[in-house]
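Q: Sequence:
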Amino acid sequence: MPNASTDPRTRSLEPLRELYYAHYRFQYLSAACQFGLFELLGREPGLTRAEIAVRLEIEEQPARILLLGCTSAGLLRKEDDRYFNSPVSEPLAGKLDDVPAAFVPWEQHINYRPMAWFYESLKAYSNVGLQREIPGDSPTLYGRLALDSQQETVFHNMMGSVSRLVAEELVEHLDLSGYTHLLDIGGGTAVNATHLARRWPHLRITIADLPTVAERANEKIASLGLSDRVRAIGLDVFEDEFPQGCDAVLFGHFLEIWSIERNKGLIAKAARAVEPGAGIFVVTPEAHDDDTGPDVAAALSAYFLTVASGEGMVYTCREYEEWFSEVGFEPSGRLSVGIGDAVITGTKR
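Per the numbering used here, the sequence shown runs over residues 1 to 349.
Bear in mind the hints are in silico, worked out from the structure with no lab data behind them.
It is possible that part of the hints are untrue.
[To be verified] Derived lysine-lysine pairs resembling DSSO-like cross-links, with alpha carbons at most 30 Å apart: (1) Lys78 to Lys95; (2) Lys220 to Lys95; (3) Lys123 to Lys78; (4) Lys220 to Lys123.
[Stated by the list, open to error] Pairwise CB distance ranges, derived in the manner of DEER restraints: (5) His23 to Glu322: 23 to 29 Å; (6) Glu330 to Gln244: 16 to 22 Å; (7) Phe84 to Asp228: 47 to 53 Å; (8) Ala116 to Ser332: 21 to 27 Å; (9) Asp289 to Arg82: 45 to 51 Å; (10) Met159 to Asp137: 18 to 24 Å; (11) His288 to Ser227: 39 to 45 Å; (12) His288 to Asp80: 28 to 34 Å; (13) Thr153 to Glu322: 34 to 40 Å; (14) Gln244 to Phe26: 43 to 49 Å; (15) Asp289 to Tyr125: 42 to 48 Å; (16) Arg164 to Leu19: 30 to 36 Å; (17) Glu215 to Phe238: 17 to 23 Å.
Backbone N, C-alpha and C fix where the C-beta goes; we use that ideal spot for every residue, glycine too.
Using the sequences and the accompanying hints, generate a full structural model.
A: Dropping the structure here:
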């Protein structure tokens with residue numbers, strides 16, 4: 001009888017098997033994180049199955065199933081009858097509110113059920129997953145999070161960890177020495193703004209976001225002693241014109257949420273708000289110009305359509321450069337930052 005690992009018929013099916021077993025593998029990962037298994041083995045490496053069952057307060061057979069799945073997925077290493085974290089899971093044994101651990105509860109508690117409606121969302125060109133699985137009346141995920149404190153915490157932990165990582169690299173790679181006043185569109189609770197303000201002491205920054213978000217941002221800014229140079233104002237960026245008087249505009253992890261038409265309108269508003277010589281900077285997940293990847297761009301595009309807004313996706317750098325040119329910005333370069341993000345830069349003609 002041929003061995004399954006060497007049988008050519010089995011090998012030819014392996015890429016498909018990886019796909020249709022993916023949801024099981026994720027649930028092993030998520031369950032292990034919820035139990036604190038990787039943290040446990042980080043503190044006490046080499047525990048037996050029976051010892052792990054006692055620590056996790058579950059019966060031994062459920063523990064056996066969990067350990068089987070985590071070992072087969074490469075999350076754990078087994079030596080004799082003892083278990084250890086693998087290099088894959090070691091980053092999950094530390095601070096759970098930071099990347100990469102913060103992604104796991106975000107996928108489990110916010111995305112997993114809604115993404116079962118991906119097919120219907122594609123047909124409807126609408127976020128059917130959000131409408132079917134997450135309570136509320138808001139047309140976007142962001143408007144519904146306040147109704148579920150667990151989901152809201154999970155989302156902000158994930159976004160905060162990603163934003164901090166990107167902001168730390170932005171201050172190293174983005175040269176704002178030639179600008180005096182930055183307009184941060186959809187700047188949230190000032191993660192990018194506070195990092196940039198510390199890096200460039202001459203720079204004033206105005207954050208434009210929804211009034212409730214702006215209120216929280218101003219509280220954070222005040223607590224950091226930056227209110228003399230950084231402030232948040234409440235406005236609807238789709239209905240209101242952008243404030244005048246800035247010489248640079250930043251869109252950080254904002255435009256990928258929305259449709260092409262909305263994005264063109266937002267970039268056109270930016271062009272109307274600034275004078276020639278002003279800069280524009282778009283921070284966004286990176287997508288190949290030929291629409292072939294990477295995996296993160298594909299995953300996030302499905303998320304924006306099915307859950308977040310029902311209209312966005314990860315657009316290519318080339319598209320942003322074309323949109324710049326249409327409204328009077330000259331594209332001037334691309335930078336890679338964070339974990340797969342790009343910064344597309346331009347200058348007002």
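Q: Hint by hint, note whether the structure agrees.
A: To see whether the hints hold, each was checked on the structure:
1. Lys78 to Lys95: holds (24 Å)
2. Lys220 to Lys95: Since the Cα atoms of Lys220 and Lys95 sit roughly 22 Å apart, the hinted pair holds (cutoff 30 Å).
3. Lys123 to Lys78: Judged against 30 Å, a Cα distance of about 45 Å means the pair is violated.
4. Lys220 to Lys123: Not satisfied, since the Cα-Cα distance of roughly 42 Å exceeds 30 Å.
5. His23 to Glu322: 23 to 29 Å: Distance hint for His23, Glu322 is violated at roughly 37 Å.
6. Glu330 to Gln244: 16 to 22 Å: holds (21 Å)
7. Phe84 to Asp228: 47 to 53 Å: holds (52 Å)
8. Ala116 to Ser332: 21 to 27 Å: violated (42 Å)
9. Asp289 to Arg82: 45 to 51 Å: holds (48 Å)
10. Met159 to Asp137: 18 to 24 Å: Holds, at about 22 Å.
11. His288 to Ser227: 39 to 45 Å: holds (42 Å)
12. His288 to Asp80: 28 to 34 Å: violated (45 Å)
13. Thr153 to Glu322: 34 to 40 Å: The hinted range 34 to 40 Å holds for Thr153 and Glu322, with Cβ atoms some 38 Å apart.
14. Gln244 to Phe26: 43 to 49 Å: Since the Cβ atoms of Gln244 and Phe26 sit about 48 Å apart, the hinted range of 43 to 49 Å holds.
15. Asp289 to Tyr125: 42 to 48 Å: The hinted range 42 to 48 Å is violated for Asp289 and Tyr125, with Cβ atoms some 24 Å apart.
16. Arg164 to Leu19: 30 to 36 Å: Cβ of Arg164 to Cβ of Leu19: about 32 Å, so the range 30 to 36 Å holds.
17. Glu215 to Phe238: 17 to 23 Å: About 19 Å separates the Cβ atoms of Glu215 and Phe238, which means 17 to 23 Å holds.
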